[in-house]
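Asks: Construct all of the structure, not just a fragment, from the sequences and the given hints.
One-letter residues, chain by chain:
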Amino acid sequence: MTLLSKATRLFFAACLIALIVSGIGGYVFLQKIMDEEATEQLAHEHQQVINFVEQTGVLPERWFSISDSLWAIPMQTVVPIQLFDTTLTNRAENESLMYRQLSFGIDTQLGYYQVNIRKALYKVHDLTKALLLAFSVLILLLVGILFWVNYSLSRNLWQPFYQTLAKLKTFKISEDEALHFAPTEIVEFKTLQTTLEQLTQKVRQDYISLKTFTENASHELQTPLAVIGANLEQLLQAANLTQTQVEQIDSLLDVVRRISKMNQALLLLTKIENRQYEAHESIDFSELVEDKLNLWEALIQHKGIKLTTHITPHVHIPINPFLADVLLNNLLNNAIKHNSKTGKIEVELTSQAFTVRNTGAPPTLPIEQLWERFSKDSIRNDSAGLGLALVKQICETNLFGYTYTFNDGWHTLKIVFNIY
Amino acid sequence: MKILLIEDEVSLAAAILTFLKSESHVCEWVSDFPSAQEKISLYNYDCVLVDIMLPKGSGLQLVEQLKTQGSETGIIIISAKNALDDKVKGLDLGADDYLAKPFHLSELNARLKSVLRRRQFGGNREIHFGELKILPDSKEVWVGEHSIVMTRKEYDLLMYLIANPNRVLTKTAISEHLYGDQIDQTDSFDFLYSQVKNVRKKLTENGCPDYIQTVYGVGYKFTK
Chain S
1 MTLLSKATRL FFAACLIALI VSGIGGYVFL QKIMDEEATE QLAHEHQQVI NFVEQTGVLP
61 ERWFSISDSL WAIPMQTVVP IQLFDTTLTN RAENESLMYR QLSFGIDTQL GYYQVNIRKA
121 LYKVHDLTKA LLLAFSVLIL LLVGILFWVN YSLSRNLWQP FYQTLAKLKT FKISEDEALH
181 FAPTEIVEFK TLQTTLEQLT QKVRQDYISL KTFTENASHE LQTPLAVIGA NLEQLLQAAN
241 LTQTQVEQID SLLDVVRRIS KMNQALLLLT KIENRQYEAH ESIDFSELVE DKLNLWEALI
301 QHKGIKLTTH ITPHVHIPIN PFLADVLLNN LLNNAIKHNS KTGKIEVELT SQAFTVRNTG
361 APPTLPIEQL WERFSKDSIR NDSAGLGLAL VKQICETNLF GYTYTFNDGW HTLKIVFNIY
Chain P
421 MKILLIEDEV SLAAAILTFL KSESHVCEWV SDFPSAQEKI SLYNYDCVLV DIMLPKGSGL
481 QLVEQLKTQG SETGIIIISA KNALDDKVKG LDLGADDYLA KPFHLSELNA RLKSVLRRRQ
541 FGGNREIHFG ELKILPDSKE VWVGEHSIVM TRKEYDLLMY LIANPNRVLT KTAISEHLYG
601 DQIDQTDSFD FLYSQVKNVR KKLTENGCPD YIQTVYGVGY KFTK
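Quick mapping for you: the protein sequence lines, in order, are chains S and P.
To convert, note that position 276 of the first sequence is 276 in the numbering used here; the numbers rise steadily by one, no gaps.
To convert, note that position 104 of the second sequence is 524 in the numbering used here; the numbers rise steadily by one, no gaps.
Simulated from the structure, these hints should not be mistaken for lab results.
Be aware that one or more of the hints could be misleading.
[Unchecked claim] Below, simulated DSS-like cross-link-like pairs (lysine-lysine); rule was C-alpha separation at most 30 Å, straight line:
1. P/Lys507 - S/Lys292
2. S/Lys306 - P/Lys622
3. S/Lys261 - P/Lys533
4. S/Lys392 - P/Lys509
5. S/Lys202 - S/Lys190
6. P/Lys507 - S/Lys211
[Stated by the list, open to error] What the simulated footprint calls covered on chain P by chain S, stretch by stretch (three residues with Cβ under 8 Å from a Cβ of chain S suffice, anywhere in the stretch; the number is not a length):
7. 450–460
8. 480–490
9. 523–537
10. 585–596
11. 608–614
Since we're looking at a predicted model, the values are computed, not measured.
Beta carbons: idealized from backbone N, C-alpha and C, even for Gly.
Replies: Listed below in structure tokens is the structure:
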């Protein structure tokens with residue numbers, strides 16, 4: 001829901017509630033006023049009759065000067081005053097009509113009388129209804145105008161906000177270009193823009209320093225490793241080494257190599273997490289897979305593994321070429337490494353997915369742990385257990401789906417492109 | 421050959437220098453940017469080995485300087501930065517090769533020899549080792565009058581061995597040179613073993629002495 005539609009909806013709901021409440025309230029209030037007004041009129045006419053009798057001693061002959069519906073009945077005694085509503089039927093239109101009647105006794109020179117004054121209440125009701133209708137139309141009109149004004153005003157007012165938002169979407173941490181927001185006069189938006197500018201600048205600075213740090217850290221570690229390696233290799237050339245010494249040096253060289261590879265893999269993971277490998281363009285994934293398989297074909301044959309491929313030509317995937325290379329290396333390497341003797345590998349590439357299947361022993365780890373860093377098959381000591389973690393990281397960065405299943409002696413690793 | 425080493429890490433430089441001298445190269449060493457600048461503007465070298473991260477400057481600038489001088493010097497970048505950008509940038513600037521630390525000295529040697537060979541215009545472009553004769557331009561291998569047909573990997577293996585004679589080469593160093601460092605070691609060792617066997621067989625069948633000596637458990641040594 002957009003801000004504008006949310007605001008509009010809220011406004012609409014508030015108007016509706018206000019309309020209902022004020023409508024009902026207005027009706028009740030008007031009704032009450034009109035009702036009191038009718039009683040007051042009756043009381044007023046009552047007073048006029050009393051005044052007239054006091055002055056002249058007789059009842060007035062011309063009633064119409066006081067009220068349009070008044071009549072007197074001779075009585076034996078003074079009757080008490082009574083106010084009540086009554087319903088009468090209009091014969092002409094055959095409908096029931098409400099009246100309010102005031103009856104009171106009065107003492108004149110001609111004897112006791114009961115005077116009755118009657119007021120039609122239906123006229124009051126009609127008036128109330130008419131007033132209410134007029135009022136409602138007015139309110140509806142007002143709400144309509146307000147509604148329109150509010151909508152167009154909001155849209156104009158929020159324009160700079162939407163522009164800022166659109167600009168912010170183009171922000172890329174790995175690029176140097178600063179964000180230039182469209183100028184606005186509204187203080188809040190100005191504040192928002194300055195804050196965003198400062199924030200993005202800070203984020204970029206942190207990003208750059210982190211990048212430099214990781215690179216320097218790798219430099220600091222790789223150089224000492226290079227020193228150890230170079231010296232060990234020189235040591236290996238010495239003429240009078242015993243077999244044990246040679247083997248010791250060789251195992252040290254192997255350790256150096258493993259530390260270095262682990263360092264590189266961790267560094268790579270960090271770099272991918274930092275999004276330092278953006279996909280700038282689509283690459284021909286089919287070609288890459290073919291090249292890779294050609295390169296490793298001899299090794300695969302040598303291991304007695306039967307390779308079957310179904311590669312759809314010219315599948316273009318938006319991924320950084322370096323990451324694509326790492327991804328393929330890890331997937332194929334796993335398929336070769338964790339294969340059984342005279343096993344099989346099936347590689348399938350469609351425009352939707354890339355699947356590598358291979359025969360092999362069941363995994364010794366729970367499947368969900370396979371993707372974690374440093375989780376590895378207990379049997380093998382020569383890997384650091386970073387391969388699938390790298391695959392996972394690459395897939396997540398590129399918004400690819402990844403699944404692993406083991407069925408009937410087959411390991412299946414599937415990468416799904418365009419999951420969105 | 422005259423080689424300039426530009427490297428700020430003293431112990432690494434020392435190891436490389438010892439190695440290069442044992443290969444009978446004339447070798448000079450500087451450890452920072454300004455002195456490297458001075459050396460390359462004053463003298464001519466057959467090859468320059470340059471580190472990217474140097475005190476007071478970047479090795480890439482030195483590559484640029486060499487290229488603007490119109491120098492024919494071969495350039496190999498040795499860097500701890502295994503960053504793709506740097507590699508591409510370095511090669512774009514005109515460096516001949518890029519080697520990420522840590523590297524095997526034998527690998528450095530093989531690349532150095534290949535660079536030097538490419539720089540030797542009009543010279544003798546045949547490599548001789550005992551009975552063996554190799555023509556790198558056409559990738560031909562001869563023993564006496566017999567031409568030996570080899571697969572690409574077998575040829576690469578032989579070239580690597582011949583570039584590093586009389587040195588113990590570990591299986592790791594050889595297999596990383598041949599298959600890159602992405603392939604699993606146990607797999608590649610196995611593969612390497614069978615390829616060494618093939619090369620050995622092809623050479624001895626054509627009357628060449630067996631120059632490939634096995635260093636048990638560690639690797640191989642190419643020697644007369």
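Asks: Can the stretch 523–537 of chain P be counted as covered by chain S under the rule of three residues or more with Cβ-Cβ separation shorter than 8 Å?
Replies: That given contact holds, which follows from 4 residues of the stretch 523–537 of chain P lying within Cβ reach (below 8 Å) of chain S.
Asks: Can you tell me if the stretch 480–490 of chain P counts as covered by chain S, using C-beta to C-beta distances under 8 Å and a minimum of three residues?
Replies: Violated - the stretch 480–490 of chain P has 0 residues with a Cβ nearer than 8 Å to chain S, which falls short of three.
Asks: Under the criterion that the straight-line Cα-Cα distance not exceed 30 Å, is the pair P/Lys507, S/Lys292 satisfied?
Replies: holds (21 Å)
Asks: Is S/Lys261 within 30 Å of P/Lys533, Cα to Cα?
Replies: Roughly 26 Å separates the two Cα atoms, so the pair holds.
Asks: Count residues of the stretch 608–614 of chain P with a Cβ under 8 Å from any Cβ of chain S, then say if the count reaches three.
Replies: Holds, because 4 residues of the stretch 608–614 of chain P bring their Cβ atoms closer than 8 Å to Cβ atoms of chain S.
Asks: Does S/Lys306 pair with P/Lys622 here, judged by a C-alpha cut-off of 30 Å?
Replies: holds (27 Å)
Asks: Can you tell me if the stretch 450–460 of chain P counts as covered by chain S, using C-beta to C-beta distances under 8 Å and a minimum of three residues?
Replies: n = 0 at 8 Å, threshold three: violated.
Asks: Measure nothing beyond the straight line between the CA atoms of P/Lys507 and S/Lys211; if it is 30 Å or shorter, mark the hint as holding.
Replies: With a Cα-Cα distance of about 17 Å, the restraint between P/Lys507 and S/Lys211 holds, given a limit of 30 Å.
Asks: Would the pair S/Lys392 and P/Lys509 pass a check requiring their Cα atoms to be no farther apart than 30 Å?
Replies: Roughly 29 Å separates the two Cα atoms, so the pair holds.
Asks: Taking beta carbons only, do three or more residues of the stretch 585–596 of chain P come closer than 8 Å to chain S?
Replies: The restraint on the stretch 585–596 of chain P holds, since 5 of its residues have a Cβ under 8 Å from chain S and three suffice.
Asks: Between S/Lys202 and S/Lys190, is the straight-line Cα distance small enough, at 30 Å or below?
Replies: holds (18 Å)
This entry does not satisfy hints 7 and 8, going by the numbered hints stated previously.
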